[in-house]
Every structure is written in structure tokens, then in C-alpha cells.
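A.B. asks: Sequence:
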Amino acid sequence: MVSIFRYPKRHLKKLIREGEYVEAIELGDRLEFKFSNDPDFMFIMGGVYVILEDPKKALPYYEKAFQLDNNDVETLKLKTDVHLALQQKDEAIDCCKRIVNLEPKNYEAKELLEELENL
Numbered sequence: 001m002v003s004i005f006r007y008p009k010r011h012l013k014k015l016i017r018e019g020e021y022v023e024a025i026e027l028g029d030r031l032e033f034k035f036s037n038d039p040d041f042m043f044i045m046g047g048v049y050v051i052l053e054d055p056k057k058a059l060p061y062y063e064k065a066f067q068l069d070n071n072d073v074e075t076l077k078l079k080t081d082v083h084l085a086l087q088q089k090d091e092a093i094d095c096c097k098r099i100v101n102l103e104p105k106n107y108e109a110k111e112l113l114e115e116l117e118n119l
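UniProt numbering applies: residue 1 is where the sequence shown begins, and numbers increase by one.
I should point out that these hints are in silico values taken from the structure, not numbers from a laboratory. A couple of the hints might just be wrong.
[To be verified] Heads up, simulated DSSO-like pairs for lysine-lysine below, C-alpha to C-alpha not over 30 Å straight-line:
no.: 1; residue 1: Lys77; residue 2: Lys110
no.: 2; residue 1: Lys56; residue 2: Lys9
no.: 3; residue 1: Lys77; residue 2: Lys13
no.: 4; residue 1: Lys56; residue 2: Lys89
no.: 5; residue 1: Lys77; residue 2: Lys89
no.: 6; residue 1: Lys105; residue 2: Lys77
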């Protein structure tokens with residue numbers, strides 16, 4: 001039991017790996033005050049909601065993760081997917097532009113950006 005308190009993010013990831021999403025969310029809710037400035041924690045929590053196909057709940061976590069680490073392309077990619085799931089085209093375009101600024105050779109983001117701008 002001590003390890004849960006010493007390595008709570010590790011325990012959170014373990015719950016997710018094991019498919020224990022309700023417990024992961026409950027643990028995440030209890031830990032959020034402690035990890036509110038941890039982009040990795042926010043990324044993990046956003047991921048739980050993506051797995052549960054709840055983009056509305058995932059978005060604030062990805063927004064916070066990106067706010068805390070605005071060079072994280074992986075967060076931007078998932079944030080783009082969430083905006084697309086929520087039919088938020090302009091926000092998805094903005095994410096794609098940010099990805100291309102961070103990684104000019106990211107062809108996936110360039111293609112998606114072009115596709116979205118032509119809709």
C-alpha cells in the first residue's frame with residue numbers, strides 16, 4: 001500500500017493498463033490537487049477519458065497539460081483528435097499549426113491541416 005503513495009502516477013498508469021478505468025478516475029480525482037501542475041499527470045488523465053470515449057472530459061486535461069508544457073507534440077496530437085471528436089475545426093487547425101511549428105517535418109499534421117483548411 002505504501003507504493004501507492006510513493007508512486008501515485010505509476011499506480012494510476014497500472015490501473016489504466018489493467019482496464020480499471022473507474023478506479024483510475026477516482027484515484028486521479030483524489031490526486032489532482034497534488035499534481036495540478038504536472039503535465040504528465042494531466043496527459044494521463046486526459047488519456048483515461050479518451051479511452052472511455054469522453055472527449056469533453058478529456059479536453060480540459062489536455063489543455064492544462066499543454067499549458068504546462070507547450071512543447072509537447074504528443075499532447076497536441078491528442079488535443080487535435082479531441083477537438084475533431086467535438087467537431088471543433090478551428091481549434092483542431094490551431095493545434096495542427098502548433099505541431100508544424102514545433103516539428104516542421106510532421107507530415108501527418110501538415111496533411112491534416114491542409115485537409116481541415118479545405119473543408
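A.B. asks: Indicate, hint by hint, whether the structure satisfies it.
C.D. replies: So, going through the hints one by one against the coordinates:
1. With a C-alpha separation of about 12 Å, the suggested pairing of Lys77 with Lys110 holds against the 30 Å cut-off.
2. For the hint pairing Lys56 with Lys9, the CA-to-CA distance comes to about 22 Å; that is within 30 Å, so the pair holds.
3. Between the alpha carbons of Lys77 and Lys13 the distance comes to roughly 20 Å, so the proposed pair stays at or under 30 Å and holds.
4. About 15 Å separates the Cα atoms of Lys56 and Lys89, which keeps this hinted pair within 30 Å; it holds.
5. With a C-alpha separation of about 14 Å, the suggested pair Lys77 and Lys89 falls inside the 30 Å cut-off, and the hint holds.
6. Distance hint between Lys105 and Lys77 is fulfilled; the C-alpha atoms sit about 14 Å from each other, no more than 30 Å.
The structure is consistent with each of the numbered hints, conforming to all of them.
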